[in-house]
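Put together the whole structure using the sequences plus the hints.
Here the protein sequences line up with chains D and P, keeping their order. Quick note on the working numbering: the first sequence kicks off at 1 and runs consecutively. Quick note on the working numbering: the second sequence kicks off at 1001 and runs consecutively.
None of these hints come from the bench; they were simulated from the model. Keep in mind that a hint or two might mislead.
Here are the simulated distance ranges between beta carbons [stated by the list, open to error]:
#: 1; chain 1: D; residue 1: G95; chain 2: P; residue 2: D1238; range: 38 to 44 Å
#: 2; chain 1: P; residue 1: A1018; chain 2: D; residue 2: V21; range: 23 to 29 Å
#: 3; chain 1: D; residue 1: G72; chain 2: P; residue 2: R1029; range: 43 to 49 Å
Covered, in the sense of this in silico footprint (three residues per stretch, anywhere, with C-beta under 8 Å from a C-beta of chain D), are these stretches of chain P [stated by the list, open to error]:
#: 4; segment: 1036-1050
#: 5; segment: 1195-1202
#: 6; segment: 1230-1239
#: 7; segment: 1244-1254
#: 8; segment: 1287-1295
Glycine included, C-beta positions come from ideal geometry on N, C-alpha and C.
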Amino acid sequence: MSLTGLPLILLTWALAIAAVVATVRWWRPAGRSRVLVRVAGLVAIEVLVVAGVGLIVNREDSFYPSWQALGGGPNVVEVASARAGRLDDTLDSHGAVAWSPPAAEAWHLAGAPRLIVPAEYASQADRTFPIVVVLTAATDVPAAAGAVTVVVHPSVETAASALSTLPESLGEDARVTGRMAILADPEWMGLAHGWPGHPPVIAGHAPAAFAQADRDLPAPLAAPENLPSLAAPLRPSSPGSPSLGSPSPGSRSLGSPSLGSPSLGSSAFGSSSLGSSW
Amino acid sequence: MSIDGTWTLVLGLLVVLAFTVGTALFWDRTRVLGRTGLIVLVVVGVASTAAIEVNRLTETYPSWSALTGDEDRPPPPTGLLAGASPALPGKGRLVTYQVPGPASGMDMPMSVYLPAAYFAPDGRGLDFPVIEALHGYPGTPQSWIKRLDIVGRLDQEIAAGRMAPTVVLLPFQTPNRLLDTECTDMAGGPRSETYLTRDVPDWARAHLRVRRDRAAWALTGYSAGAFCAMNLLLRHPDQYTAAASLSGYADPGIKVGDHSEKTTNNIAWRLTHLPIPAAALWIGWADDDVDARDGSRRVAELAKPPLTVVTAVVPRGGHSHAVWRQMEGPAFDWLSAQLARPAPQV
Chain D
1 MSLTGLPLIL LTWALAIAAV VATVRWWRPA GRSRVLVRVA GLVAIEVLVV AGVGLIVNRE
61 DSFYPSWQAL GGGPNVVEVA SARAGRLDDT LDSHGAVAWS PPAAEAWHLA GAPRLIVPAE
121 YASQADRTFP IVVVLTAATD VPAAAGAVTV VVHPSVETAA SALSTLPESL GEDARVTGRM
181 AILADPEWMG LAHGWPGHPP VIAGHAPAAF AQADRDLPAP LAAPENLPSL AAPLRPSSPG
241 SPSLGSPSPG SRSLGSPSLG SPSLGSSAFG SSSLGSSW
Chain P
1001 MSIDGTWTLV LGLLVVLAFT VGTALFWDRT RVLGRTGLIV LVVVGVASTA AIEVNRLTET
1061 YPSWSALTGD EDRPPPPTGL LAGASPALPG KGRLVTYQVP GPASGMDMPM SVYLPAAYFA
1121 PDGRGLDFPV IEALHGYPGT PQSWIKRLDI VGRLDQEIAA GRMAPTVVLL PFQTPNRLLD
1181 TECTDMAGGP RSETYLTRDV PDWARAHLRV RRDRAAWALT GYSAGAFCAM NLLLRHPDQY
1241 TAAASLSGYA DPGIKVGDHS EKTTNNIAWR LTHLPIPAAA LWIGWADDDV DARDGSRRVA
1301 ELAKPPLTVV TAVVPRGGHS HAVWRQMEGP AFDWLSAQLA RPAPQV
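Right under this line is the structure:
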């Protein structure tokens, strides 16, 4: 019998009325059990009336829609683990690593991007890191302290829309979230501001610019606790919207089958985290 | 004996039983007046005991002094724990301050969670991100503390690295425990919105080592507090970057007094009639919690870029603390992934 159904409410009130009638009827029974019968009858009335009121309130507001809910319900929280990047072993050496993912062809860069990971990248293997993209022609570029740095030398043919695949592509090779900041030299400012999802853009690539990027970004975090997402999209998503990667405003992760997947799947909103010293 | 303890409830039940037995015993020895008195005692006993249990669930009056209105004001934040160290390594501290509201006129106590890193040597030079966590109605910040064990959960999420060390503020959303404000500025009534979005942040920035920028401020709440979190995010996107809603609604469900519950204090109306801000929403509900489910789905459906939405659905559990205890870890983890990190003071 449903906890919020009318049958249970009606039954409870019917029993309450029956209890009242019975209590009155046997209020003065013969014999010595008079007090016992009265107490039993009154307690029954009290319990049934309180239950009857409670059931009505509960039906109105669905505090506990089922007997199972009353008992607490099953725990459906899941914790994924950070997915290792394919280049993790190489990146751990702390130097700049030339990065040539298959997607790079469409970016039309002047050279292969270079990856630099922060010092704690190797020791914090359970963390995923935000991304700092540096758009520059310079080669002596410092690195972000709490993010994976990608040094990109664009060419005149490089389009911002094509670069939207970079975070997703980087997610294959390194432990990164979809959260990013862009450091851009003056000539690439237009490209930076056109980046899908409009991540924060900071001018130059001086140490102060990196410090600012670190301030803007979430901490490196371990994979979050997750709950099931909405099973099906509420409405068809627009065709061609990127399914992964940067927090593109064109894509909602609503309905994305990101349940339990590590950070990159739900990247736009996925994990990110914090140093061990905390 | 605490007002919300198990033994208080047991005592209430025993008193009801005693009155009941008394009624059975003395019925025949009394006349109309006495019998009426006996029945009144039983009814009052039952009602009081039921009220004790409801209060235990909602923490509307977390203490006897809260019920009688004789609560001590928390001490002023002098020196604010400058030399204090956390009781245990890895454990944050919960402290309560009186937070006056020069802008709103409200003047309420506020509990503050300070993470362990706040007291660590290398955390002393840092400003921390902030989450304002709002309670439901009826309820108080004690509902987060006692029923949802927010301190234990924050300690756990931070220790696991799923969350960066964060200062969490637990303000009252109403000056009157029996008045549901839904965190709005009520016409001719309390100005809760002003208190929560101006006075509380101003106080925190003046007294705590917290970040001042929007990128490091977020909101959360359960039930009415969840509506609050979403509504305040949409109304103040220049101050908050994200909000997590645990079983929230698309409308406040009260009369604000200026009909704004149908317009500017109505999330569905805002999302269909006003420019949508660039912000991030985490919307969680239990699938058998009909009203919150429908309201939450409505908000998720209406949200459009640049507002981003993630959903989190617990299949069963209703509108209950059991559901929110499941949701708070995922919600805090997600919020921390949106928030800018603890950063050196500038």
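Cross-check of the supplied hints:
Between D:G95 and P:D1238 the Cβ separation comes to about 41 Å, which falls inside the hinted range of 38 to 44 Å. Look at P:A1018 against D:V21: about 25 Å separates their beta carbons, and that is inside 23 to 29 Å. A beta carbon spacing of about 47 Å between D:G72 and P:R1029 agrees with the range 43 to 49 Å that was offered as a hint. Counting residues of the segment 1036-1050 of chain P whose beta carbon lies closer than 8 Å to any beta carbon of chain D gives 3, which meets the minimum of three for the stated coverage.
Counting residues of the segment 1195-1202 of chain P whose CB lies closer than 8 Å to any CB of chain D gives 0, which falls below the minimum of 3, so the coverage claim is violated. With 0 residues having a beta carbon nearer than 8 Å to a beta carbon of chain D, the segment 1230-1239 of chain P misses the requirement of three or more and the stated coverage is violated. Figure legend: the segment 1244-1254 of chain P, annotated as covered by chain D; annotation inconsistent (0 residues with Cβ-Cβ distances under 8 Å, at least 3 required). Taking a C-beta to C-beta cut-off of 8 Å, the segment 1287-1295 of chain P contributes 4 residues in contact with chain D, enough for the three needed, and the coverage statement holds.
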